[in-house]
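These protein sequence lines are chains A and B, in that order.
Residue numbers for the first sequence follow my numbering, so the first one is 5 and each next one is one higher.
Residue numbers for the second sequence follow my numbering, so the first one is 5 and each next one is one higher.
To be clear, the hints were calculated from the coordinates, so they are not data collected in a lab.
Take the hints with a grain of salt, since some may be wrong.
As the list claims (entries may be wrong) - Listing some non-contacts, in silico: residues in chain B with all C-beta distances to chain A over 10 Å:
1. L105
2. A199
3. V239
Stated by the list, open to error - Simulated restraints, written as ranges between beta carbons of each label pair:
4. B/G134 <-> A/S47: 19 to 25 Å
5. B/P312 <-> A/L127: 57 to 63 Å
6. A/P67 <-> B/G219: 55 to 61 Å
7. B/F72 <-> A/L302: 55 to 61 Å
8. B/L316 <-> A/T217: 40 to 46 Å
9. A/A33 <-> B/G348: 57 to 63 Å
10. A/R209 <-> B/S186: 54 to 60 Å
11. B/S186 <-> A/R216: 22 to 28 Å
12. B/L316 <-> A/A33: 48 to 54 Å
13. B/L316 <-> A/W297: 38 to 44 Å
14. B/I391 <-> A/T217: 18 to 24 Å
15. B/A47 <-> A/T217: 18 to 24 Å
16. A/K254 <-> B/I391: 48 to 54 Å
17. B/T385 <-> A/F50: 49 to 55 Å
Just so we're clear, the structure is a prediction, and the values are computed from it rather than from any experiment.
Glycine is no exception: its CB is placed at the ideal position from the N, C-alpha and C atoms.
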Amino acid sequence: MTMAEGDLAVAELAFVRRTNIAPRPPPAAMTGAVGWLRENLLSTPFNVGLTIVIVLLLAWAVPELVKFLLIDAVWSGTDRDACLESVQHREIGACWPFVWERLPYFIYGSYPIPQRWRVDVFLAMLAIGVVWLLWLNAPRRDLGAIYFFVILPIASFILLTGWAAIGLQPVDTVLWGGVLVTIVVASVGIVVSLPIGILLALGRRSHMPAVRTLSVIFIEFVRGVPLVTVLFMAGVMLPLFVPEQLSPDKLVRALIGIAIFASAYMAEVVRAGLQAIPKGQYEGAMAVGLRYWQMMRLIILPQALKVTIPNIVNTYIGLFKDTTLVFIVGIFDLLRTIEVARIDPKWATPVTSTTGYAVAAIFYLVFCYGMSRYARAMEARLAKSDRR
Amino acid sequence: MSSELSARARPAQVVFYNDPKFRSIAYQLVLCAMVAFLVYGAASNAIDNLARSHIASGFGFWNSTAGFDISQTLIEYSPRGSTYGRAFWVGLLNTLLVAGLGIVFATILGFIVGISRLSRNWLLAKVAGGYVETIRNLPLLLQLLFWYNAVLKALPDIRESIAIPGGAFLNNRGFFLPLPVSKSGFGAVEIALLAGIVAAIAFYVWARKRQERTGQQAPVLWVTLALLIGLPLAVFVLTGFPLGFEFPQAGRFNITGGVEVLPEFAALLFGLSIYTAAFIAEVVRAGILAVSRGQSEAAYSLGLRPGPTLRLVVIPQAMRVIIPPLTSQYLNLTKNSSLAVAIGYPDLVQVFTGTVLNQTGQAVEVVAITMLVYLVISLATSLLMNIYNSRMALAER
Chain A
5 MTMAEGDLAV AELAFVRRTN IAPRPPPAAM TGAVGWLREN LLSTPFNVGL
55 TIVIVLLLAW AVPELVKFLL IDAVWSGTDR DACLESVQHR EIGACWPFVW
105 ERLPYFIYGS YPIPQRWRVD VFLAMLAIGV VWLLWLNAPR RDLGAIYFFV
155 ILPIASFILL TGWAAIGLQP VDTVLWGGVL VTIVVASVGI VVSLPIGILL
205 ALGRRSHMPA VRTLSVIFIE FVRGVPLVTV LFMAGVMLPL FVPEQLSPDK
255 LVRALIGIAI FASAYMAEVV RAGLQAIPKG QYEGAMAVGL RYWQMMRLII
305 LPQALKVTIP NIVNTYIGLF KDTTLVFIVG IFDLLRTIEV ARIDPKWATP
355 VTSTTGYAVA AIFYLVFCYG MSRYARAMEA RLAKSDRR
Chain B
5 MSSELSARAR PAQVVFYNDP KFRSIAYQLV LCAMVAFLVY GAASNAIDNL
55 ARSHIASGFG FWNSTAGFDI SQTLIEYSPR GSTYGRAFWV GLLNTLLVAG
105 LGIVFATILG FIVGISRLSR NWLLAKVAGG YVETIRNLPL LLQLLFWYNA
155 VLKALPDIRE SIAIPGGAFL NNRGFFLPLP VSKSGFGAVE IALLAGIVAA
205 IAFYVWARKR QERTGQQAPV LWVTLALLIG LPLAVFVLTG FPLGFEFPQA
255 GRFNITGGVE VLPEFAALLF GLSIYTAAFI AEVVRAGILA VSRGQSEAAY
305 SLGLRPGPTL RLVVIPQAMR VIIPPLTSQY LNLTKNSSLA VAIGYPDLVQ
355 VFTGTVLNQT GQAVEVVAIT MLVYLVISLA TSLLMNIYNS RMALAER
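Please put together the full structure from these sequences, using the hints given.
Laid out in structure tokens, this is it:
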């Protein structure tokens, strides 16, 4: 029997279908919203129980939150009477007029009112620098780095502290406060910690025993103690260690403490990046005759820093949250201005504290969450470029 | 010919300042000189400044009378009779108390949240994810202030205390609990508990040996539970409930008797546990995800049920990944407990670096001692961690 005969034989059989049956739709209970619910919420009795508990929990918590922040909230008023249950004869939620009135204080602290445009300019310049650096397709990012790490610090120092010679009235740092101080402390930490952290990381991996030992001691010492004690050290010991006339003011001392602390943590992050670079890269760089600093600047650090960007940003998130600790050494950052404002008799009500903390929470949440989204996007991007 | 060869064999002549060895030594000498100069300058300035402001130096203050009160003391302490040294120990014990309890609560909550994030229940995973993202992105200090000022200090005052069934009271001065008081005969229960612990360990060792020898398994969990809980409970019932409670009594201005949990302590414990739990949850999640799916599939194909697969295959491998970052979270919690100073819980920093420093003015000594304590805790932990890591490291060829 030849091949053709066989085919013919099959074709003649009446009970063999010649066409495919069109696929039937899956059972209704397995697709669409119902299927999704069954799969993700109600797959086992235990899961059904969990789902019910969580739904009840959310049904209690979410309306409470909305009620407090929006429905029962007070939107206008001039003093505490507007937010007092005993005066208004209704349930009172968040006391927003308190926030409207104190908003300038939360942003600028006691910075002289006619000079506050300087703070606005500083914040705008900072925003430009941040966008320039974070936006990966921005033009001339090398110029952006110079702007951010050299021009911006000098310009903002002159702008904020003042310089009588060019007509900027000097403003004592005691008057600074609120978001301004939070941003200044965070930016100083960010700008200073990266270069020092890189140097410390290179020192820790150096072949020179003295350099390595000193780096290890510094890094392990700072990472072993709480930031509060570093701030206390900078606050009370630093004035002892310098001649009396050079004694730095309170804000500068806190900035030094923050910079020391952030550098040690940054050093460990950078070191992890350096360790991820294969040895062949070092050997290749040396084989083409590069000196140590050329090798680091042209070959090693660009690769190491690139893979560490997500971790660097995560460290910055930690640093941003840690800036609140300057509160403890008596500096008026955002949290402290809120603390001061909430106990002011003019606005003291049972809901003032919670309202103030809600404002702080929104501020930190927006910034930190934004940074962590950026870190995650960078991570995804790096993973993609690795796959090639 | 031979002279040419020997000339080539001789190392190339380099000017001495281009010799890497010389350079490295020179760099290090310069660095050491700079550090020594800084230290010397700082020390001489400090001596000058201290002499000018008439501040004593040295550790003589350690044995002077403290003269200030501390709101929570685990060991005996009185403002008039106790020294600064005693105040130091009181503060250190308070730090260790809140850190120890915080670690326990944070671990429990963190594991629950971390596993929930991997749950197949969509709602549970999302809620756990929302918890982690929110808590991690808010400063701990803000959370502590919220718990303390907006929650615990907003409770009713002492005359309108919330009475909790069972004889406890809750108000803005703290949480007042009944204090268990042992009556005669309670010693027998303690002995039973000790005996239970010893017997449980012995049974575990015996069961293990037998399993290795014969392959037979013993119900270790049930026997241990019976020995640890059942035995003391039985003795407790047999000796006629030798335990009483001293109930807090609500007065007009005060509550007397019972145990008082300070609102500062409660706020710090809540804040630290909830904050650290979010980080522990991420550690746990990463650890579980790090165990490849093939491991559990292989275990199933060997015939293990889901329970033993989790217990014998997945968890041991996940713990290898989880434990090092978990320890560093424990260290962070201990260091973060120093934020107590912001809400006035008498921990080491508040008592010693706060009050003692203000009273004695001896900044250098006080800050150095405080830092030393935290350093010792950190270094001891990382030492233990290194030992653990070297024991747990995968034995590679």
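Next item on the list: Note whether the CB distance of B/A47 and A/T217 lies within 18 to 24 Å or breaks it.
Entry: holds, 20 Å
Check: So is B/L105 really clear of chain A, every C-beta pair being over 10 Å apart?
Finding: Per Cβ check, B/L105 is outside 10 Å of chain A; nearest 18 Å; holds.
Item checked: Beta-carbon spacing of B/I391 to A/T217 - inside the hinted bounds 18 to 24 Å or not -> holds, 23 Å
Check: Can we confirm that no CB of chain A comes within 10 Å of the CB of B/V239?
Finding: For B/V239, whose nearest Cβ neighbour in chain A is about 37 Å away, the distance exceeds 10 Å, so it holds.
Next item on the list: Measuring Cβ to Cβ, find out whether B/A199 lies farther than 10 Å from everything in chain A.
Entry: holds, 38 Å
Checklist line | Range hint compliance [Cβ, B/L316 to A/A33, 48 to 54 Å] | finding: Check failed, 36 Å falls outside 48 to 54 Å.
Checklist line | Distance restraint hint 19 to 25 Å, applied to the beta-carbon atoms of B/G134 and A/S47 | finding: 21 Å Cβ-Cβ, so the 19 to 25 Å window holds.
Item checked: A/L127 and B/P312 - C-beta distance against the hinted 57 to 63 Å -> At roughly 59 Å between Cβ atoms, A/L127 and B/P312 fall inside 57 to 63 Å, so the hint holds.
Check: Is the hinted range of 48 to 54 Å satisfied by the C-beta distance from A/K254 to B/I391?
Finding: Given about 43 Å between the Cβ atoms, the range is violated.
Next item on the list: For the range 54 to 60 Å, tell me whether the beta carbons of A/R209 and B/S186 fit it or not.
Entry: Since the Cβ atoms of A/R209 and B/S186 sit about 59 Å apart, the hinted range of 54 to 60 Å holds.
Margin query: Taking the Cβ atom of B/S186 and the Cβ atom of A/R216, is their distance within the range 22 to 28 Å?
Written below: violated, 57 Å
Next item on the list: Could you see if the CB distance from A/P67 to B/G219 stays within 55 to 61 Å?
Entry: holds, 58 Å
Violated hints, in rising order: 11, 12, 13, 16 and 17; the structure is consistent with all others.
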